[in-house]
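Asks: From these two lone chains plus the hints, build me the complex, please.
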Amino acid sequence: MKLDSQNLADLAVGAAFLGTGGGGDPYIGRQMVEICLSEGLEVDLVDPDSLRDDDFVIPTAMMGAPTVLVEKVPSGEEAVHSLKRLELRLGRRATHTMPIEVGGINSTIPLVVGARLGLPIVDADGMGRAFPHLEMETFGVYGVPGCPMVVSNEWGDSAVIETTDNRVMEWLSRGVAIRMGGAAYIAEYAMCGADVKRTAVPRTLSLAIRIGRMLRDAKANHQNPFDALLGLLPDTLYHYGRIIFAGKIADMRRETRNGFSLGTARIDGLGRWTGLMEIEIQNENLIARVNGEVRAIVPDLICIMDSETAEPITTENLRYGQRVTVMAVSVPEIMRTPEALAVFGPSCFGLKEPYVKIEELPA
Amino acid sequence: MRTLTATDLEDIAFGAAVLGTGGGGDPYIGKLLARTAIEHHGPVTLIDLNEVPDDAHVITCGAMGAPTIVLEKVPSGEELLMAMRYYEQVTGHKVTHIMPFEAGGLNSCFPIVLAAQTGLPLIDSDGMGRAFPQLEMETFNVYGVSAAPVAMADEKGNLALVETESAAKAEFIARGICIRMGGQASLVNYAMDGATARRVSVPATMTLAQDIGRVVREAHAAHEKPIDALVDFLGTTHYGHATRLGSGKVTDIARRFENGWSVGVVTITPFDDGLPYSIRIQNENLVVERGAEVLAVVPDLICVLDLDTAEAIPTERLRYGQRVDILGIRVPPIMRTAEALTVFGPSAFGLKAAYRPLGL
Numbered sequence: 002m003k004l005d006s007q008n009l010a011d012l013a014v015g016a017a018f019l020g021t022g023g024g025g026d027p028y029i030g031r032q033m034v035e036i037c038l039s040e041g042l043e044v045d046l047v048d049p050d051s052l053r054d055d056d057f058v059i060p061t062a063m064m065g066a067p068t069v070l071v072e073k074v075p076s077g078e079e080a081v082h083s084l085k086r087l088e089l090r091l092g093r094r095a096t097h098t099m100p101i102e103v104g105g106i107n108s109t110i111p112l113v114v115g116a117r118l119g120l121p122i123v124d125a126d127g128m129g130r131a132f133p134h135l136e137m138e139t140f141g142v143y144g145v146p147g148c149p150m151v152v153s154n155e156w157g158d159s160a161v162i163e164t165t166d167n168r169v170m171e172w173l174s175r176g177v178a179i180r181m182g183g184a185a186y187i188a189e190y191a192m193c194g195a196d197v198k199r200t201a202v203p204r205t206l207s208l209a210i211r212i213g214r215m216l217r218d219a220k221a222n223h224q225n226p227f228d229a230l231l232g233l234l235p236d237t238l239y240h241y242g243r244i245i246f247a248g249k250i251a252d253m254r255r256e257t258r259n260g261f262s263l264g265t266a267r268i269d270g271l272g273r274w275t276g277l278m279e280i281e282i283q284n285e286n287l288i289a290r291v292n293g294e295v296r297a298i299v300p301d302l303i304c305i306m307d308s309e310t311a312e313p314i315t316t317e318n319l320r321y322g323q324r325v326t327v328m329a330v331s332v333p334e335i336m337r338t339p340e341a342l343a344v345f346g347p348s349c350f351g352l353k354e355p356y357v358k359i360e361e362l363p364a
Numbered sequence: 002m003r004t005l006t007a008t009d010l011e012d013i014a015f016g017a018a019v020l021g022t023g024g025g026g027d028p029y030i031g032k033l034l035a036r037t038a039i040e041h042h043g044p045v046t047l048i049d050l051n052e053v054p055d056d057a058h059v060i061t062c063g064a065m066g067a068p069t070i071v072l073e074k075v076p077s078g079e080e081l082l083m084a085m086r087y088y089e090q091v092t093g094h095k096v097t098h099i100m101p102f103e104a105g106g107l108n109s110c111f112p113i114v115l116a117a118q119t120g121l122p123l124i125d126s127d128g129m130g131r132a133f134p135q136l137e138m139e140t141f142n143v144y145g146v147s148a149a150p151v152a153m154a155d156e157k158g159n160l161a162l163v164e165t166e167s168a169a170k171a172e173f174i175a176r177g178i179c180i181r182m183g184g185q186a187s188l189v190n191y192a193m194d195g196a197t198a199r200r201v202s203v204p205a206t207m208t209l210a211q212d213i214g215r216v217v218r219e220a221h222a223a224h225e226k227p228i229d230a231l232v233d234f235l236g237t238t239h240y241g242h243a244t245r246l247g248s249g250k251v252t253d254i255a256r257r258f259e260n261g262w263s264v265g266v267v268t269i270t271p272f273d274d275g276l277p278y279s280i281r282i283q284n285e286n287l288v289v290e291r292g293a294e295v296l297a298v299v300p301d302l303i304c305v306l307d308l309d310t311a312e313a314i315p316t317e318r319l320r321y322g323q324r325v326d327i328l329g330i331r332v333p334p335i336m337r338t339a340e341a342l343t344v345f346g347p348s349a350f351g352l353k354a355a356y357r358p359l360g361l
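If you read the protein sequences in the order shown, they are chains V and W. In this text, residue positions in the first sequence follow my numbering: the first is 2, and each later residue adds one. In this text, residue positions in the second sequence follow my numbering: the first is 2, and each later residue adds one.
So here's chain W without its partners, still in its complex pose (with noise of 0.2 Å):
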C-alpha cells in the first residue's frame, strides 16, 4: 500500500501513455483531471493485488470511444463518479474498490479522478495490461468476469445501464450508446470480488507506468538515451523483454473516425531510406510491418516514441514529419494464454499474422 500524490502524476502519465500503445486516451488531459482531483480531495491510496480483501467489491472503470474525440470534448471530471453512484444505486451493491480496466494515458489517470472524489482504494492493476480498443478485450472476460451491468455516463448527466450476457454485446451495444452520446462516455463495468480480481488481473501496471516515467526522466537527467534505458528496465519487469523495432521520420498518416474508433494507417520511413515501417491502427497500434515481414502483433505492445524524449506519441497527435522510435513490448503470460489470444490476438482483429512474442 502507498499513496499517489501529485508528484507521482507526471511520471504515471508518461508511462501510462507508452503502455497505451498508441491509445487510451490523452495522457496531458488524464494527468490535468488527476491533479485537479488530487487538489480537491487529497491523496489516494494504491494498493497491490495481493493486499485487496476476497471480500472486497471491486469495479473497473475507464471512458469508452474514440481519443481523437477527447481532444475536443474534454471530460468534466465527474462521469466517472456518475456512472459509479448509478452501478451502486441500480445493483445495491456498495463498491470497496476501484480498478483501471485498461492501462493507457487517459484511462490510467480517470480512475484516480474517481478514487480521490471517492476517498476509496485504487488497485495496482487493470484487464488489459496495455490499452486495447473493445470491452470484451479484458483479461477479466477471457478468465470468466461478466462485463455487465455496464454503468455508462456522459458530461451531460445522460446515463445508460447495459446488461448482456457476452461481453462482446456488452461492447456493441454500449459503443452504440457511446457514439450516440457524443463518441466519448464513460463506463463502469466487470464488478467482481476481491478473490477474482487477484486471479484476472494483469497486476502492478500503475507501479510499472510510473517506473516507466521515472527511467525516461532518470535517463535524461544522466544525459543517456532514454529509449535504451527503457529496453534494459523493461527487460528486468514482470512483461519480461522489450526492443527497439526501428526508427524514422512519420511520412503518411492516413485515419478516419469509422464506428466509433479512430482507424488508420501510418508509415514511418526509416533515415537510411529503407523499406518504411507500416503501422495499422485501431484506436491503438495494432500490428508494425516492414515490407512482407511482421515485427510485432497485438497483444504485443507497439509505440510509437519521440526520437528524443521517448515520449509516447498517441495515435491522434501522429503528425507528417515527427522523427519517432518504435518499441516493441512482450506482454505478461496471463496474457499470452490459448484463452487470451481469442479474445485480444489479431484474429480478433481481422488480422492474418500469427502471434509470436517478441523476444521468444
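In isolation and in its complexed conformation, chain V is listed as follows (with noise of 0.2 Å):
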C-alpha cells in the first residue's frame, strides 16, 4: 500500500488515539513524511504476513520527551543515519524498517527512513500503543535482543550500545538521549522477517489510518465520531472500548525528569458524569481513576480526546479548560499475556494496582 497525503492526515490523528497520550506531537512527524511526499518519494506499507522469513528488518523511532520535540524539531536525517549505523555494525543490509510503537512522532519517523532509503515499512509494531520505555516491547518480551542498538542526533553523533539486557539498554541509551538534547533518533531490536511475525503487533499503521479515516468521515457525515469509533473496533484486535469520563481539564501538573515527561492530569465530571478523574502521566496515560477507583489501567489505553471533535490529545498538549472524553480500549491478547505483564503491566511503572482487562472493571 503506497500511503497518500490523505492517508498521513488520518494516520496522524490514528496514532496520536493508539499512542495513548505519548509518542510525541503528531504534527512535527506528519511534515516530515510530507515533505518526503512532496520531493517525490514514495512511503510503502507492506502486510507482515509479505515478509519472508529471511527478510531483515532494522525498527527506527524517536527517544526522548515529546515536550522537546516541540522545540527540538528533527531534521529527518537523524535515523536515516543510525539505521545505516546499524547496518554497518551488523554488516548487513535492512530490507525494510518498523515502526517500535504506534504514537505521534514514531509512526511517521520509520515512514520518513523508508522513503529516504526505499525501504518498504512493515504495517507492524513492538507495543501495539505507545509506551516510555524501550524495553517495553513485544520484540524483547518473545525474545528478540534489543541490542546492539544507536542513538544518534541532528549533528551525525551517535553512540552504539550493546547490553544483553534491554532494560539496560534503557537506561544507557537514555543517559545518551538526555545529553543529545532529550530527544534523540534510534535504531534497535533489528530481527529477521520470522520474527517480525513471532512478536511484534500487526497491522497497527494501517488500523491508525482506519481510525483516522472513521473520525472525519463521521464528522463530514455529522455522525457522533465516539460511536463511530466504538463501532469500528471490534472488528480489530483491539476489539473492546468504551468510554470511561468526560469532563473539563480542572488541573495539570507537569515535570520534564529523567528525560521523560512525568504529570498528573484531573478532569471534572461533566453532563452525567460526576466526581473527579485523575489520570497519571509517564510520556503515556497510565492509570485513570475516579475518586480513587480504578477506570482503566497500563496496559490497555487511555485515550483523552476532544469532546467536540473526538480529536485525540497527547499529554503536553493537554491545557486547563479543555473539554475532553476519555475512552479505554482494550490492548491485542499479545501485550496481555504473564510474560508482557512482567515487562509492561502496571507495577513496572510503580503502580500498586493489578491488571484488569478493561472489559472487567466496573463501568
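Derived from the structure by calculation, the hints contain no laboratory data. The structure presented is a predicted model; accordingly, all values stated were derived computationally and were not measured. Beta carbons are placed, not taken as given, at the ideal position from N, Cα and C, and that holds for glycine. Keep in mind that a hint or two might mislead.
Using 30 Å as the maximum straight-line C-alpha spacing, the simulated BS3-like pairs for lysine-lysine come out as follows [as the list claims (entries may be wrong)]:
(1) V:K220 <-> V:K249
(2) W:K157 <-> V:K85
(3) W:K226 <-> W:K250
(4) V:K198 <-> V:K85
(5) V:K3 <-> V:K220
(6) W:K226 <-> V:K85
With the C-beta cut set under 10 Å, the calculated list includes, among others, these residues of chain V facing chain W [unchecked claim]:
(7) P149
(8) V152
(9) D158
Replies: Structure (C-alpha cells):
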C-alpha cells in the first residue's frame, strides 16, 4: 500500500489515538513525511504476512521527551543515520524498517526512513500503543534482543549500545538521549522476517489510518465520532472500548525529569459524569481513577479526546479548560500475557494496582 | 625497549600518583590490578615513542569517571580488554600497540594490565603528561587526532561506542554513559598510527613515573628528605622544573560528586599559621592560591604529598589533619603551546587566572 497525503493526515489522528497520550506531537512527524512525498519519494506500507522469513527488518524511532520535540524539531536525517550505522555494525543491509511503537511521531519516523532509503515499512510495531521505555516491546517480551542499538542526533553524533539486558539498554541509551538534548533517534531490535511475524503487534499502522479516516468521515457525515470509533473496534485486535469519563481539565501538573514527561491530569466531570478523574502520566497515560477507583490501567489504552471533535490530545498538549472525553480500549492478547505484563504491566510503572482488563472493570 | 615486571610496579604506581596531580585514580588499586595481570600473563614490553613503527595501529586507553567511586566500585581488570576487543570488532582494525591516555595512579597501571593480557607492547608516553578530568584534554586532540570512536565497557560487560566529530562532544556523551554505568567505565579511544603517535604524545611518562618512585625510595634509604630529592631530580627531566610551593596541615576539605566528577576545595594551613593555601579540585588539583596570589595553575602539576613519605595523596583520600607538602611541576613544552592551553589551560576549567609556567 502506497501512502498518500490523505493517509498521512488520517494516520496522524489514528496514531495519536493509539499512542494513548504519548509518542510525540503527530503534527511534526506528519510534516516530515509530507516533505518526502513532495520530493516524489514513495512511502510503501507492507503487511507483516508478506515478509519472507529471512527478510531483515531494522525498526527506527525517536527516543526522548515529547515536550522537548516541540522546540527541538528533527532534521529527518537522524533516524536514517542510526539505521545505516546499525547496518554497518551488523554487516547486513535492512530490507525493511518498522515502527517500535504506534504513536504521534513514532508512527511517522519509520515512514521518513523508508521513503529516504527506498525501504518498505512493515505494518506492525512492538508496543501496540506507545510506552515510555525501550524494553517495553513485544519484540523483547518474546525473545528478540534490543542490542546492538544506535542513538543519533541532528549533528551526526552517534552512540552504539551493546548489552544483553534490554533494561540496561534503555538505561544507557536514555543517558545518551538526555545528553543529546532530550530527544534522539534510534535503530534497535534488528530481526528477521520470521521474528517480526512471531513477536510484533500486527497491522497497527493501517489500523491507525482506518481510525483517522473513520473520525474524518463521521465528522463529514455529522455522525457522533465516538460511536463510530466504538463501532470500528470489535472488528480489530483491539476488540473492546468504552467511554470511561467526560469533563473539563481542571488541573495539569507536569515536569520533565530523567528524560521523561511526568504529570497528572485532573478532569472535573460534566453532564452525566460526576466526580474527579485523575490520570497519571509518564509520557503516556498510565492509569485513570475516579475518586480513587481504577477505571482503566496500563497496558490498556487510555485516550483523552476533544469532546467536540474526538481529536486525540497528546499529553504535552493538554491544557486547563479543555472539554475532553476519555476512552479506554483493550489491547491485543499478545500484550496481555504474563510475560508481557512482567515487562509493561502496572508494576513496571510503580503502580500498586493489579492489571484488570478493561472489559472486566466496573463501568 | 625494556621489560616491565611486577617489581617495577611499586615505583611506577608511586610516581604515577604524583603525576596524577591529585587525580588519575587510586594507585593502590592500579598496582594490584597490574601485579595480578603480570603474574597471570607474564611481563610487559615497554617501548620508547621513537621505537613505534610508522604504520603501527595504536590505541590509547584508561578509566573514566570519578576517582571517589573507584574506591567502592573496584574494576574487575577485564573491562579494558572488553573495550579493546569491541573496538577491534566494530572497526575491523587489529591493535598493535597500547598507550595510556593519561598519567595517573590508576590510569598508568590500567594499560599495563591490558598490555599483559594481550601481549602487545606498551608505549612509554601518554596524552596528558599528567591527569586531567576530561577526554578532550589530550595532546592527541590538541594536535589533531580524533577522539572517536570511543569504545566503552563496564564490569558487567555492557559496551558502548561513541562516534562524534569533536572530542568535546565525545566527552559529553561518553560521560553520560559513564555516569549510567555507575560513575566509572573503561575506555579505548584516540586510535592513531605510529608516526602520528610520535608527533602528538607526551614522551617517556611511564619511565618518569618509575624514576620518581625510585628517587623517593632511594632518598628514604639514604635518610634524605624525599621532597628535596624529587625537586632536584625533576629539574633534570624533560619537564624541566619543580618547586615546593608550601607546606602545612589540611584544615578543611569540601568535596562533592557533580556531573560525574569529584569537585571541591581543600584548605591547607601553614605551620606558622600564616595565610592558608587553597586548592580547587575537579578530579585533579587545578589551581593553588594563597590570598590573592596564584602560586600554580593548570596545566602545571599541583601535587599534594605526605610530608614524611612524599607519597602523593589523591584528592579522594584527602583528610583533615594530614601534614602535607605542595609540589608544583612545570609541564613539558608540548603542553604549553597556545593550542594546548586552549584545550586544557585555566580558561578551559572556568578559571580566571592566567597561565604562567612555573619557574619561567
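Asks: Now, for every hint given, state plainly whether the structure supports it.
Replies: Now the hints, each set against the structure:
no.	hint	in the structure
1	V:K220 <-> V:K249	holds, 22 Å
2	W:K157 <-> V:K85	holds, 28 Å
3	W:K226 <-> W:K250	holds, 18 Å
4	V:K198 <-> V:K85	holds, 23 Å
5	V:K3 <-> V:K220	holds, 25 Å
6	W:K226 <-> V:K85	violated, 62 Å
7	P149	holds, 9 Å
8	V152	holds, 9 Å
9	D158	holds, 4 Å
Consistency note: the structure conflicts with earlier hint 6 alone.
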